[in-house]
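Trainee: If you read the sequence shown in the working numbering, its first letter stands for residue 470, the second for the next number, and so on.
Derived from the structure by calculation, the hints contain no laboratory data.
Take the hints with a grain of salt, since some may be wrong.
[As the list claims (entries may be wrong)] Each computed DMTMM-like pair below joins lysine to aspartate or glutamate, with the alpha-carbon atoms no more than 25 Å apart:
hint : residue 1 : residue 2
1    : 516       : 506
2    : 482       : 497
3    : 478       : 506
4    : 496       : 506
5    : 482       : 515
6    : 526       : 515
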Amino acid sequence: MQNVNVLFKSQLKVVNIGLEGFYNSTKEQGTPSIQVDWRPPAGGNEKLLAILAKLNK
Numbered sequence: 470m471q472n473v474n475v476l477f478k479s480q481l482k483v484v485n486i487g488l489e490g491f492y493n494s495t496k497e498q499g500t501p502s503i504q505v506d507w508r509p510p511a512g513g514n515e516k517l518l519a520i521l522a523k524l525n526k
């Protein structure tokens, strides 16, 4: 439990993998943040994912 207390006393740092609006909000509040532009492979298209899986074998 002591480790959790240390966490809450530390400065917040954010790695945002999602909506850019959340990143902008944290930056406006002065929180150190980075935005990661990540998208699911094949845009989440299951057919294309299956094709890519076969190519990666």
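Trainee: None of the hints should be skipped; say for each whether it holds.
Mentor: To see whether the hints hold, each was checked on the structure:
1. At most 25 Å may separate the alpha-carbon atoms for a hinted pair to count; residue 516 and residue 506 meet this at roughly 23 Å.
2. A distance of roughly 13 Å separates the Cα atoms of residue 482 and residue 497; the hinted pair therefore holds under the 25 Å criterion.
3. A threshold of 25 Å between alpha carbons decides the hint, and for residue 478 with residue 506 the separation of about 29 Å lies outside it, so the pair is violated.
4. For the suggested pair residue 496 and residue 506, the alpha carbons sit about 16 Å apart, so the restraint of at most 25 Å is met.
5. This hinted pair does not check out: residue 482 and residue 515 have alpha carbons roughly 34 Å apart, beyond 25 Å.
6. A hinted pair counts as satisfied when its Cα atoms are at most 25 Å apart, and residue 526 with residue 515 qualifies at roughly 17 Å.
Consistency note: the structure conflicts with the earlier hints numbered 3, 5.
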